[in-house]
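J.: One-letter residues, chain by chain:
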Amino acid sequence: MLATKQSASMEITGMDEQRLSSLRPGDRATIGRVEGSGPVRRRLLELGLTPGTPITLVRLAPLRDPMEIRVRGYQLCVRRAEAEAVWVQAEVTVPAPDVAVPVPALAGAGGAPRPLLRLFRPR
Amino acid sequence: MTVLTPTGRPPQEGVRRVALAGNPNSGKTTLFNALTGLRQKVANYPGVTVDKKVGAIRLGDREIEVLDLPGAYSLDARSPDEEVSRDILLGRRADTPPPDLVLAVVDASNLERNLYLPLQIADLGLPVVIVLNMMDVAERHGLKVDAAALAKELGLPVVPAVAPRGRGVAELHALLEEGIVATPAIRRDLLSPDAEAAIEGLARTVGAVRGLDEPVAQAQATALLTGIDLAPEPAVAEALEHAQARFQAVDLDATDVLVEARYAWLTRVQQRAVQRAEEIPPTLTERIDQVVTHRFWGLLVFLGLMALVFQAIMSWATGPMDAIDGAVTGLKELLQAHIPAGDLRALLTDGVVAGVGGVAIFIPQIAILFLFIGLLEDSGYMARAAFMMDRVMRGVGLHGRSFIPLLSSFACAIPGIMATRTIENRKDRLVTILVAPLMSCSARLPVYALMIAAFIPARRVWGIFTLPALTLLAMYVTGFLAAMGMAWLFKRTLLKAETPTFLMELPPYRRPSLKSVGLFVWSQVQMFLKRAGTVILAISICLWALTTYPKNPSPDPGEQLRTSFAGRVGRMLEPVIRPLGFDWKIGIGLIGATAAREVFVSTLATVYSVGTDDEAKAEQTLREQIRNDVDPRTGRKVWTPLVAVSLLVYFVLALQCMSTIAVVRRETNGWKWPLFQLAYMTALAYTGSLIVYQTGRWLGWGV
Chain A
1 MLATKQSASM EITGMDEQRL SSLRPGDRAT IGRVEGSGPV RRRLLELGLT PGTPITLVRL
61 APLRDPMEIR VRGYQLCVRR AEAEAVWVQA EVTVPAPDVA VPVPALAGAG GAPRPLLRLF
121 RPR
Chain B
1 MTVLTPTGRP PQEGVRRVAL AGNPNSGKTT LFNALTGLRQ KVANYPGVTV DKKVGAIRLG
61 DREIEVLDLP GAYSLDARSP DEEVSRDILL GRRADTPPPD LVLAVVDASN LERNLYLPLQ
121 IADLGLPVVI VLNMMDVAER HGLKVDAAAL AKELGLPVVP AVAPRGRGVA ELHALLEEGI
181 VATPAIRRDL LSPDAEAAIE GLARTVGAVR GLDEPVAQAQ ATALLTGIDL APEPAVAEAL
241 EHAQARFQAV DLDATDVLVE ARYAWLTRVQ QRAVQRAEEI PPTLTERIDQ VVTHRFWGLL
301 VFLGLMALVF QAIMSWATGP MDAIDGAVTG LKELLQAHIP AGDLRALLTD GVVAGVGGVA
361 IFIPQIAILF LFIGLLEDSG YMARAAFMMD RVMRGVGLHG RSFIPLLSSF ACAIPGIMAT
421 RTIENRKDRL VTILVAPLMS CSARLPVYAL MIAAFIPARR VWGIFTLPAL TLLAMYVTGF
481 LAAMGMAWLF KRTLLKAETP TFLMELPPYR RPSLKSVGLF VWSQVQMFLK RAGTVILAIS
541 ICLWALTTYP KNPSPDPGEQ LRTSFAGRVG RMLEPVIRPL GFDWKIGIGL IGATAAREVF
601 VSTLATVYSV GTDDEAKAEQ TLREQIRNDV DPRTGRKVWT PLVAVSLLVY FVLALQCMST
661 IAVVRRETNG WKWPLFQLAY MTALAYTGSL IVYQTGRWLG WGV
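Chains A and B, in that order, give the protein sequences.
For the first sequence, position 65 (counting from the first letter as 1) is numbered 65 according to this note's numbering, and the numbering increases by one without interruption.
For the second sequence, position 43 (counting from the first letter as 1) is numbered 43 according to this note's numbering, and the numbering increases by one without interruption.
The set of hints was computed from the structure by calculation and includes no laboratory data.
Note that the structure is a prediction, hence the values are computed from the model and not measured.
Incorrect hints may have been included.
To give an idea of the chain B side of the interface with chain A (calculated C-beta under 7 angstroms), a few residues [unchecked claim]: (1) S74; (2) R78; (3) N110; (4) E112; (5) V259; (6) E260; (7) G298; (8) R391; (9) L503; (10) M504; (11) L506.
Even glycine gets a Cβ: it sits at the ideal position worked out from N, Cα and C.
Could you put together the complete structure from these sequences and hints?
T.: Right, here's the structure in full:
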């Protein structure tokens with residue numbers, strides 16, 4: 001097989017594949033595949049949204065579009081239209097023994113980030 | 001000690017040209033400033049509107065040229081910035097030779113994605129040194145980056161740095177002085193044996209055709225397969241097709257496989273070189289964002305900041321602008337005192353000095369707007385503003401980043417148009433430039449004020465408003481709606497773009513570097529003076545000549561203007577502008593206003609031969625004069641409230657600003673777009689006024 005070592009040895013257990021655009025703020029998921037072809041898809045991959053990568057949907061913009069996701073330790077905003085093409089598993093994958101799934105910096109044991117002012121709790 | 005060049009040959013004498021490459025927000029520019037200080041120049045790459053920043057490092061008796069490449073995420077270019085970076089690294093730009101060495105700046109707190117680009121560059125066979133920037137930020141995020149381990153994993157030299165504090169600069173200087181030990185390019189991606197075989201097959205051809213060592217050939221094979229077009233030779237192209245077919249045979253895309261393999265490897269590198277703290281405190285960025293991008297508070301903060309920017313351009317600039325005005329007047333008086341009256345004096349005072357003043361008058365607003373843009377961009381807020389406004393701007397097919405240039409255009413379209421550089425997509429940027437002058441700028445205000453004061457009755461409306469205030473508001477709203485409508489139209493017709501995309505990083509907040517912001521403001525002002533200033537000066541001298549010649553012996557300046565070329569053109573124009581309700585005197589005013597809209601008022605004052613000794617009194621007199629002006633042929637008043645409204649609409653929609661034309665020419669690299677803009681806005685203004693005046697007459701309003 002010509003696939004990469006990572007995706008070859010990665011077993012995906014989550015059954016319910018859904019679109020990135022259907023996630024809600026705070027949801028964590030793993031990238032399954034990016035649909036389509038062409039430069040947008042290529043760029044999504046090059047920005048690190050490769051299969052098996054854990055992501056978190058951080059928040060939606062005030063008008064609910066675009067959305068902010070955390071991937072590979074940085075924040076990226078994506079319009080809903082582009083997020084439609086990204087399929088994710090809302091459940092965590094089981095990593096192969098030699099390739100541990102990196103934990104994004106902010107989704108660690110610290111739990112939900114402390115709000116600056118209690119009043120402004122996000123949705 | 002050899003340094004490998006793209007062709008695998010060692011360069012003649014050490015490192016002479018260095019390029020800084022890296023993702024946007026990696027602190028590249030701050031490092032560039034730290035390395036070169038004031039020994040830098042900002043220019044434009046020929047043919048594209050991408051800033052070219054070149055600096056120099058002096059090492060003993062040697063000088064090394066440093067090129068700050070535009071920010072890029074990948075060499076598979078998606079924006080003009082990325083195209084320029086790619087082409088320079090590939091040695092494809094005739095104006096910029098490829099570097100001997102690339103300093104790849106990476107954000108230590110965001111290693112995986114930041115390392116993707118340096119690996120692509122290494123694949124081209126260029127020697128790469130990793131500058132591990134923002135070590136302090138990484139530490140605050142609970143990340144411990146082991147530079148030595150990273151260097152071992154990557155097989156590339158790694159220099160840790162904190163650019164704002166100059167950490168790492170001495171090490172980089174030393175490294176450049178000594179030169180670096182060649183690090184042969186190695187292909188590092190984690191691939192299955194079949195994929196390896198496919199790449200090796202291609203690499204053999206690449207190596208044979210280009211005369212490269214195996215590791216460099218393998219790296220270049222990867223570059224070829226990931227679509228970074230190397231303009232392959234026929235034999236290589238054939239081998240490339242063959243390799244791609246091998247991937248396709250098992251239903252895989254070569255690029256996908258290679259991108260994934262590279263990230264898989266980068267994940268492993270990161271695991272070996274970076275230690276994460278058990279307890280990671282929520283970052284300051286996250287806490288600020290909870291407020292600043294909040295549905296309600298975020299919008300409030302945004303509106304507050306925009307109000308501040310707007311207020312600053314409108315009011316902070318007044319002092320310096322008055323000072324420039326005063327200096328210009330002083331200079332004029334000085335010339336008048338020392339040069340005998342005559343054509344030369346008039347040319348110098350009314351043509352040259354007035355033109356220089358017309359250029360200089362924009363500096364305060366440009367400097368203030370770019371000060372804010374620099375601060376907002378450097379701190380990371382700009383991306384949040386775009387994030388919040390994207391949905392709004394998308395309604396007319398634009399991008400979140402178009403918002404600030406359009407808002408600034410309410411003060412003045414010149415800095416607004418210059419600010420469109422933050423928009424990556426060429427078509428989005430062009431549409432924003434095309435509609436920006438429709439936003440009512442401050443130069444229209446004197447015209448609005450004169451018309452409203454003279455013709456709009458100060459009647460109360462709904463108790464709390466007055467008719468003049470509502471009229472003024474209506475002008476701003478009309479301009480805004482016209483801008484949105486035209487943007488919508490352009491995006492659907494002329495500048496129809498492929499699928500709109502919006503993939504933008506929200507960088508961590510950081511304290512803006514005053515040095516960087518200062519240098520940014522300075523470079524913008526400098527570029528405005530150099531590129532637009534000359535055109536503005538030339539046009540203002542032409543306009544002076546048009547209003548001065550042929551000479552009229554009459555001592556009355558009004559008579560002189562009426563018989564000048566401009567006056568004649570104004571008269572010739574009358575049949576054309578009659579349907580809008582304008583007579584030849586307004587025609588002359590409109591010609592004067594092509595220099596700048598506010599000149600309309602003073603031109604009109606000259607036409608009506610109003611003395612200009614006391615400004616307040618002059619305006620009062622002018623108001624009386626135009627109210628009472630009677631057309632000798634018809635015996636009817638020349639000016640009616642309807643004419644005033646028609647003229648107001650004309651001023652809202654028309655492009656009467658040579659400085660805007662000059663800046664658009666400079667920003668779009670040619671005359672095509674500014675002339676198109678002039679044509680469409682004039683047509684829009686003419687049609688708008690025509691509809692207003694004719695409908696008004698038909699309904700018997702304000703006649």
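J.: Would you mind marking each hint as holding or not holding in the structure?
T.: Hint check:
Annotation: interface hint on S74(B) holds; nearest CB of chain A at approximately 5 angstroms, less than 7 angstroms. Of the supplied interface hints, the one on R78(B) holds, with its beta-carbon coming within about 6 angstroms of a beta-carbon of chain A, less than 7 angstroms. Among the interface hints, the one on N110(B) holds; its C-beta lies about 5 angstroms from the nearest C-beta in chain A, closer than the 7 angstroms criterion. Checking E112(B) against chain A: minimum C-beta separation of about 5 angstroms stays under 7 angstroms; hint holds.
Satisfaction of the interface hint for V259(B) is found here, the shortest Cβ-Cβ separation to chain A being roughly 5 angstroms, below the 7 angstroms cut-off. For E260(B), the suggested interface contact is upheld, since its CB lies about 5 angstroms from the closest CB of chain A, less than 7 angstroms. The restraint placing G298(B) at the interface with chain A holds, with a minimum CB-CB distance near 6 angstroms, inside the 7 angstroms limit. Checking R391(B) against chain A: minimum C-beta separation of about 4 angstroms stays under 7 angstroms; hint holds.
Taking 7 angstroms as the C-beta contact cut-off toward chain A, the hint placing L503(B) at the interface holds, the least distance being around 6 angstroms. Hint status for M504(B): holds, given a least beta-carbon distance of 5 angstroms to chain A, under 7 angstroms. With 7 angstroms as the threshold, the beta carbon of L506(B) comes within range of chain A, its nearest partner Cβ sitting at about 4 angstroms, so the hint holds.
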